Amino acid sequence: MLFNSIDFAIFLPIVFVLYWFSAKKDMRYQNILIVLASYFFYGMWDYRFLALIIFSTLVDYTLGRQMAKTDVQSTRKILLWTSIIVNLGFLGFFKYYNFFLDNFVDLFTFFGQPISTRSLNIVLPVGISFYTFQTLSYTIDVYRKNLDPTKDFIAFAAFVSFFPQLVAGPIERATNLLPQFRLERVFEYNKAVDGLRQMLWGLFKKMVIADNAAKFANIIFDNSEAYSGSTLLLGGVFFAFQIYGDFSGYSDIAIGTSRLFGFDLMKNFAFPYFSRDISEFWRRWHISLSTWFRDYLYIPLGGSRGGIWMKVRNTFIIFLVSGFWHGANWTFVVWGALNAIYFLPLLLLNRNRNNLGTVAEGKYWPSFNEFLKILSTFALTVLAWIFFRADSVSHAFGIMSEIFSLSLFKLPSFEDFNKGLFTLFLVAIFILIEWRGRNNEYAIEKLLLYRNKRLRWTFYMLLAMMILVFQGEQQEFIYFQF
Amino acid sequence: MKQFIAKVGRFIFFFVVLCFIVVGINYVLLRSSNIDFAENRNILVLGDSNAQCAINDSIFSTATNLALNADSYFYSYLKIKRIVETNQPVDTLLLSFAPHNIFKNGWIEDPKLVRSRFRNYFGLMNAEDLRFIVGNNPRAVLNSAGQIIRHFPASTYQILTGQNIFDIGSYLPITRNTMNEDLLRLKKGQSLTFFELPKDFTLSTKEIHYLEAIMELCKNENIKLYLINLPKREELLSLDKYGVSEFEEIYRTRYEDVDFIDFSRFPLPDGSYADPVHLNLKGAALFSSYLRQNNFSTHMQNYAFESD
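Heads up: the protein sequence lines correspond to chains A and Z, in order.
According to the working numbering, the first sequence is numbered sequentially starting from 1.
According to the working numbering, the second sequence is numbered sequentially starting from 1001.
It should be emphasised that the hints constitute simulated quantities derived from the structure, not laboratory data.
Please note that a few of the clues may not be correct.
Stated by the list, open to error - Below, in silico cross-link-like pairs of lysine-lysine (DSS-like), each with a Cα-Cα straight-line distance of 30 Å or less:
#: 1; chain 1: A; residue 1: K446; chain 2: Z; residue 2: K1002
#: 2; chain 1: A; residue 1: K215; chain 2: Z; residue 2: K1112
#: 3; chain 1: A; residue 1: K267; chain 2: Z; residue 2: K1002
Stated by the list, open to error - A few chain Z residues that face chain A, going by a derived Cβ cut-off under 7 Å, partial list only:
#: 4; residue: K1002
#: 5; residue: F1004
#: 6; residue: F1015
#: 7; residue: V1017
#: 8; residue: G1146
#: 9; residue: I1149
#: 10; residue: R1176
Quick caveat, the model's predicted, so the values are computed rather than measured.
Yeah, the Cβ is synthetic: ideal placement off N, Cα and C, and Gly gets one too.
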């Protein structure tokens, strides 16, 4: 079930009413309702894969309980590794089996030893990368004794399957979300209104910005050999706004929906395209994944302690794994490597924590210097996105070679050019609103909040009308495939 | 909680009312507009892309081609109904009639088609037509509301300045050529680049219903109706999966009293087709010249079914 579908528009009010009216007397009933609603939500894609979520839930719940019963370190370690193997085993099979198989065959063929294998027709279960990491965070935190294992199976099942963030995050930590399932929830008017506002903004990002930008990104990337360097670069810009609008829009809807039910999810995006360098970008982009890798991979590997080579190794590992997490394709690995190359100089020169605050705080506009930094960081991310979006590494290199040729100075031109310009106009409005609200959780959190109520309602009405009027052709959320 | 629900309800109510007002005004303006139809043209061409690409009405100049790709008979019915209602000078209707028009084609349910059609056609619909299309795909119709609102300022301006508002089909010249790859696909029994073969030979009850509605309307309004099967490549016609013999059987058993002109094997030189189903610019020019130079009774004798 997509957030931007009529199905969801019917599903959400029903669950909301049942949650606050029928089940309000007992938190356990609310949790049961969340589990059932979440399984229904997921089952609308493919009910067969519900078994995977249920199995994963049972395994991690049981392992957590077992860990609580023993203080023997070796036993706890075995239990932890069981969880890691089971969860990553599923992920590896469904997501990477054919990739590894194909690459082994290529490798053996390259060395003159062709082997015959049979690849499997495997369907990737939606959201597997997200809920796998979420359940893993639970067992790791229990192992580290950062969290007491829960005895409440329903609360744990609700934590694993919580429908707003089940299929595309934010990837929640057990330490943040699980305790919320064990607390009594009281309806808070302001929180619910704020949730709706964030959902509205998320829908605008997805349906107006991402879906319109997607059309032109697809036109340009799918026929890249026909276009000049300038058009291809513009295609990269379209894709940058497609993926940002799509993914941060999804996160906004997820966070907003959760607030309707009294839950607070972690922030996943913090205006990343206003970053002044790549390290700031990575503190602001897909925060739940970046911090997951930081806490459960980068720091255990030694982090940025140790010598230069240790830093270089750990940086590359984290970015390559992050790239590979996105999909079984070398394009994602190269995208990760490119970001590592962008990031390393800042780390080695100790400049990776130069820009911790909000850009141009307290000012209307950035200084010229800040503007140049923002622009250059954005340009670097656009070049990296080209690898992310391309069908193959050679396709990406073909696009890059055209971008870095004289055709970069031609006027861009592509099918439906005028509509493309209009989309850029919408993007410009979007950037202005985001800039204005960059100090907040999301761009319109406080916009007109303390102004006349009618003005505020008119603004929300206008946004809703813009969603209806300027929505692009419905596209599935990009991150579902990951 | 009550305050929250009341406020959300009020917001949704105002939003829906606003949408209804805009859509309603648009509907009233469209209802008061006519389909553009030149006075010296008495022949109307309706149907799908077969007719849209085959009949160039600047050559066959007594005709107006309002056919549109993947147009269900439902939409053809809406067009002829409006033309009759507004007393346009039409006395002859040529309606595309081929296997893919009557076997289940999914055109009337396809969300993309409904979404792209609804904005242009909803001004032609009465309550019964609206019920039919909403019943077929409510979601796609709801999505189309945005399209109507989006085009509201432009379409209002067009209506008020007397411009043609109905974008519901016209002759489409094709210059592309996908013949070679499509012939390969046909050999493998696959659908073509721009054309889906029927999945089976089950009659589409919805298409048949509106085909018969058109027949009834023409009969009542003294419009001479010709069902026409337009030129196609032999490779397609001889393909079992296309269902020519099943189609002919249906014509014989159900509609033999309606005039049918089978141009499907009309002789055209090489290079007249864009693909096995559609004539290209050159083919359309040749075929349209032929139509202009001859009258329909001659065609009927030359191109009726062999069994006739």
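So, going through the hints one by one against the coordinates:
1. A:K446 - Z:K1002: It holds: about 24 Å lies between the C-alpha atoms, which stays within 30 Å.
2. A:K215 - Z:K1112: holds, 15 Å
3. A:K267 - Z:K1002: Between K267 of chain A and K1002 of chain Z the Cα gap is close to 29 Å, so the pair holds against 30 Å.
4. K1002: Violated - the Cβ of K1002 of chain Z stays beyond 7 Å from chain A, reaching only about 10 Å at its closest.
5. F1004: At about 5 Å, which falls below the 7 Å cut-off, the nearest Cβ of chain A leaves the hint on F1004 of chain Z intact, so it holds.
6. F1015: Holds. Min distance 6 Å.
7. V1017: violated, 11 Å
8. G1146: holds, 4 Å
9. I1149: holds, 5 Å
10. R1176: violated, 14 Å
Hint check: violations occur at hints 4, 7 and 10; the rest are consistent with the structure.
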